[in-house]
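A.B. asks: If you want the building blocks of each chain, they are given just below.
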Amino acid sequence: MKLTLKIWRQANTEDQGRFISYSVDDVSSDSSFLEMLDLLNEQLVAKGEEPVAFDHDCREGICGMCSLRINGLAHGPERATTVCQLHMRSFQDGDTITIEPWRAAPFPVVKDLVVDRSSFDAIIQSGGFITARTGSAQDANSILVPKCDADTAMDAAACIGCGACVAACKNASAMLFVAAKAAHLNTLPQGQAEKDRRVLKMVSTMDEAGFGNCTNYGECEAVCPKEISLDFIAKLNRDYGKASIKAFLSGSDE
Amino acid sequence: MKLDPNIPEGPLPQKWDNHKFDIKLVNPANRRKYNIIVVGSGLAGGAAAATLGELGYNVSCFCYQDSPRRAHSIAAQGGINAAKNYQNDGDSIYRLFYDTIKGGDFRSREANVYRLAQLSVNIIDQCAAQGVPFAREYGGLLANRSFGGAQVSRTFYARGQTGQQLLLGAYSALSRQIGLGQVKMYNRHEMLDLVLIDGHAKGIITRNLVTGEISKHTADAVILATGGFGNAFFLSTNAQGCNVTAAYRAYKRGAGFANPCFTQIHPTCIPQHGDQQSKLTLMSESLRNDGRVWVPKRKEDCPKDPRDIPEGDRDYYLERKYPSFGNLAPRDISSRSAKEVCDEGRGVGPGTRGVYLDFSDAIKRLGRHVIEERYGNLFDMYESITGENAYERPMRIYPALHYTMGGLWVDYNLMSNIPGLFVLGEANFSDHGANRLGASALMQGLADGYFVISHTVANYLAEVGAGSYDPADTAFAQTEAQVRNQIDHLLSIKGARSPRSFHQELGKILWEHCGMARSKESLKTALELIPALRKEFWEDVRVVGQAKDFNQELERAGRVADFLEFAEMMCHDALDRDESCGAHFRTEHQTEEGEAKRNDKKYAYVAVWEYQGEDQPPKLHKEPLSYEEVDFATRSYK
Amino acid sequence: MAITGLIMVGFVLFHMLGNLQMFQGPDAINTYAHFLKTLPPAVMWGGRLFLLAAAGVHVATAISLTRENCKACPTDPGVKERVQATLSSKTMALSGSILLFFIVFHILHFTTHTIFPVYKTFMTDLDGQQVYDVYSMVIYGFSNAWIATFYIIAMGLLCMHLSHGVSSMFQSLGLRNNYWRKTFDIFAALYGWVIFIGFVSNPAAVLLSEYTSLNIFPVQDVLLRLS
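In order, the protein sequences belong to chains A, B and C.
Note that our numbering has the first sequence beginning at 1, numbered continuously upward.
Note that our numbering has the second sequence beginning at 1, numbered continuously upward.
Note that our numbering has the third sequence beginning at 1, numbered continuously upward.
Hints are computed from structural coordinates only; laboratory data are not their basis.
Quick caveat, the model's predicted, so the values are computed rather than measured.
Where is the CB? At the ideal position from N, CA and C, for every residue including glycine.
Heads up, a few of these hints could be off.
[Claimed, not checked] If you want the footprint, here are the derived chain C segments under chain A, 3+ residues with CB under 8 Å: (1) 69-78; (2) 87-99; (3) 162-169; (4) 174-186.
[Said to hold, decoys possible] Take a look, some chain A residues computed to stay more than 12 Å from chain B by CB distance: (5) 97; (6) 141; (7) 243.
[As the list claims (entries may be wrong)] These stretches of chain B come out as covered by chain A in the derived footprint (C-beta under 8 Å, 3 or more residues): (8) 49-58; (9) 121-129; (10) 132-139; (11) 276-284; (12) 468-480; (13) 518-529.
Bound conformation, chain A alone:
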């Protein structure tokens, strides 16, 4: 395959950034999208040009590191697929492909296609956990978790934290991420003790980080490589509502 790539190049966070066109030949249709970028980078290095920086690691769709907007869509045209699992057979010979980083104020561009997603970590640090000190746990089977709850928790926990939801949202809202993270723990009996505190803290950290608001477009769900459902946002709203009322009535935010 021969392709024309319009790639966003940006030297660093302060740089303005611009699209630059490249052409790349001899791409195998069996190779993955990132392997196609490897090929381009090898060609650039051979010419002594700086290769395109992009984030990637496991290349099997689970680490959540890869983060490209391809032809306007986070993670490209295939549903339920990360960029690393996107294969060139999804494109035609001669195609022009536009490749950009995630764009959202809380995800500043580091270089070219690489963005800084540490705001996600900050959200988890503020409350996305169950406090269970090492060594303090009881026998695992003493906590019964109904299968349906375990399945729901697992559906939510499948989130890989890639940030596609934010990238696809017109408002750069992180609600789907936060909702998935909160729902995973809030659904389980182990997570009940900290449930209210968790949602209040996570939502307020999310707001402080500068993410936009959820206006229920549903684009996040459409691009999510793990198909996290919008229902978890409804659950987050519900849990947040209850927690806020309780906090208001008790005069405490803990």
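Using the hints, position chains B and C against chain A.
C.D. replies: Below, chains B and C alone, put in the same frame as chain A:
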């Protein structure tokens, strides 16, 4: 080099308890006076950083990814073993211990393995309490499945994402400590050297991968949890960033490197598609619970649609050769059997390096929905990579490099021969011997991180006392200067070949000559090819970009430089080990049926390599393996 | 947004049902209008202020959310495609802004009679009492094709605004789940259409009576009588 394994006295089951009582403690009020560095944020590193933070130590944790949640432990699919015996099928700590020792082909340290089996039960409790969404039965109890090489159902799992879920558990505990200020997290930082003061590990030199800034970090103890070195082979199931640099630079500073030739090949990976391939994708071995492995009996049938090949013309070779274990035969045996049938010309798919893994019987027996429930995500993944629907036609699989049992040498306390340098998880060598059983890597990483290091690091810290080093020691500046020099050197060569092309070539050499089967000749060839390639690297590598910038080429160049040296040590080790054991298969040593032939008289030792300087062959030291509890037995999976 | 939206969602339904009394003849709608006008002032003004406050908060929240969202999403020089966002969801701000303008117009038109002060003189006799002749007012008002068309377009926008807004409301209040999702979305769309048809029936009927042979309302009579 002094190699004292420090195995505690007493009968095997009591060793760990005795040891915990005998070793020194650090008073809770004093813990904040100690700084600890943890390099790596996977299951071992993340769990260690979280646990040490909880205990009150000041912890700095480093990872090369943009978030600690992305460490490659995340990719483990199948599950985690624990001797809970929840299924009442005869499991016990002793059985898990014995299976692990036997699976490791009697090349692991007995006391360490027993402790691992003991701690396995605590891990499940800990993870369940953290909210890891393990699979459950309708009654709410934990579900189990059986996994490669085991005759009991002791594997706990979370759909096909056990690794991710366990890592998220450790990451959430770590995040809590970061939020509390107990752990300082350094994302996108790579450790480039270890700093020794008076022979003790007292700090590291790192490069900030975003700004290129080189900086020193000081601590009372350094913990490496930097994973394995599978990427020396270029194509492996490891993440792109996995590398040997941290471990290798520690080795160059005097840490012993143990059994580097023990590299595991995973039997169920998706076959390679061509030269542009950057990595191989593993599919959980759990697939072998329900899938049947076969190839056509006749070469002529190979290009045919597998569905058109009648039952009588198929060779279910694992079931034929190993009737009692069948498709669940251990990883090395199934991998090698796949290689054999492909070498016979009976391989299938493009490149004819592949065998079928067929689910049609299981779908008939259990119904498609059950298979979907169990392996849905794996089938989807297979389809997205190959474009084939495995519900309708058999999957194609082929072995790929997956895990490395070897690693830095550690004693019972997980401390290397450099005092103050601890090594956890895949980066150390101790628990899996010559071959790791399925669902045991997650177990080891978490056992080391949650339950072992918290006790053993205290012993060292209490011994040396707080403020055990001078932060102004010249060793820091010297080591930092060496790191800077290497980076400047790499950038100054300005040759013609990319670091990636060297990596690819090295991978081919290793896979060909030090892969699934090795021989004296092949290893000797490798030992000629690798130094030549390394020489060419240092003369002709082209690293574009700047040192003080986000520069992925420079990152790769540094890692490839270390792989190029490391690979040679690996081949030396493989050559020295003139026997077949576990994943290390020397073609000279096999039974008539092609099984590995161990030589316990000569090789029941841990081969520990000591760095001797540039272009010098490493020096071999031996830690003899003595078994108090178990007898050497020949593995038989017939 | 959800709670203020819910208040207005309820209000438009009652408003629409009230309007349908046009089809029961002059007395029905005039009685209803008179009933509303003569409510105790506390109730009437309370209600009005309550609705006004709901609308005010709804608009203020919308503005503040939009500003925050603009900040979170700086100018995007690239391409951005949509997969499943509906037209109504993408145009909430536009439809909302036009509706705000419409509501102001509507109040000035029929409530305060500011636009056409002549409406103040439309009186009729109801059980011996002189009351506003709302029936004629509506027919007179919608006999102007421009105004009627504006009302119809505004109601179309209201329909879109509701079909996303109502389903969104279930989501924001955390009432939606996988099982009920489809039902709620269908309900929201249906609700939008019912409101649309109900409201549009009046101007549409007036226009049809005026320009076709259909004779739903006595448009010519009313126009003659009032001129």
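A.B. asks: Can you confirm whether chain A covers the segment 49-58 of chain B, using C-beta to C-beta distances below 8 Å and requiring at least three such residues?
C.D. replies: With 3 residues in contact (Cβ-Cβ under 8 Å with chain A), the coverage given for the segment 49-58 of chain B holds.
A.B. asks: Do three or more residues from the segment 132-139 of chain B put their C-beta atoms closer than 8 Å to C-beta atoms of chain A?
C.D. replies: holds (count 7)
A.B. asks: Verify this label for me: residue 141/A is non-interface relative to chain B, using a Cβ-Cβ cutoff of 12 Å.
C.D. replies: violated (5 Å)
A.B. asks: Are 3 or more residues of the segment 468-480 of chain B near chain A, judged by a Cβ distance of less than 8 Å?
C.D. replies: With 0 residues in contact (Cβ-Cβ under 8 Å with chain A), the coverage given for the segment 468-480 of chain B is violated.
A.B. asks: Counting residues of the segment 276-284 of chain B whose CB is closer than 8 Å to a CB in chain A, do you get three or more?
C.D. replies: holds (count 6)
A.B. asks: Within the segment 518-529 of chain B, is the number of residues with a Cβ closer than 8 Å to a Cβ of chain A three or more?
C.D. replies: violated (count 0)
A.B. asks: Would you check chain A against the segment 162-169 of chain C, counting CB to CB pairs closer than 8 Å, and say if three or more residues qualify?
C.D. replies: With 3 residues close enough to chain A, the hint holds.
A.B. asks: How does the segment 69-78 of chain C fare against chain A when you require at least three residues with a CB closer than 8 Å, holds or violated?
C.D. replies: holds (count 8)
A.B. asks: Are at least 3 residues of the segment 121-129 of chain B within less than 8 Å of chain A when you compare beta carbons?
C.D. replies: holds (count 7)
A.B. asks: Since residue 97/A was said not to touch the interface, does its Cβ keep a gap of more than 12 Å from each Cβ of chain B?
C.D. replies: holds (16 Å)
A.B. asks: Quick one: see if chain A covers the segment 87-99 of chain C, three-plus residues with Cβ-Cβ under 8 Å.
C.D. replies: This one holds; 3 residues, not fewer than the three required, reach chain A with a Cβ under 8 Å.
A.B. asks: Does the claim that residue 243/A lies off the interface hold, with its Cβ farther than 12 Å from every Cβ of chain B?
C.D. replies: Residue 243/A is indeed farther than 12 Å from all Cβ atoms of chain B, at 18 Å.
When held up to the earlier numbered hints, the structure conflicts with 6, 12 and 13 and fits the remainder.
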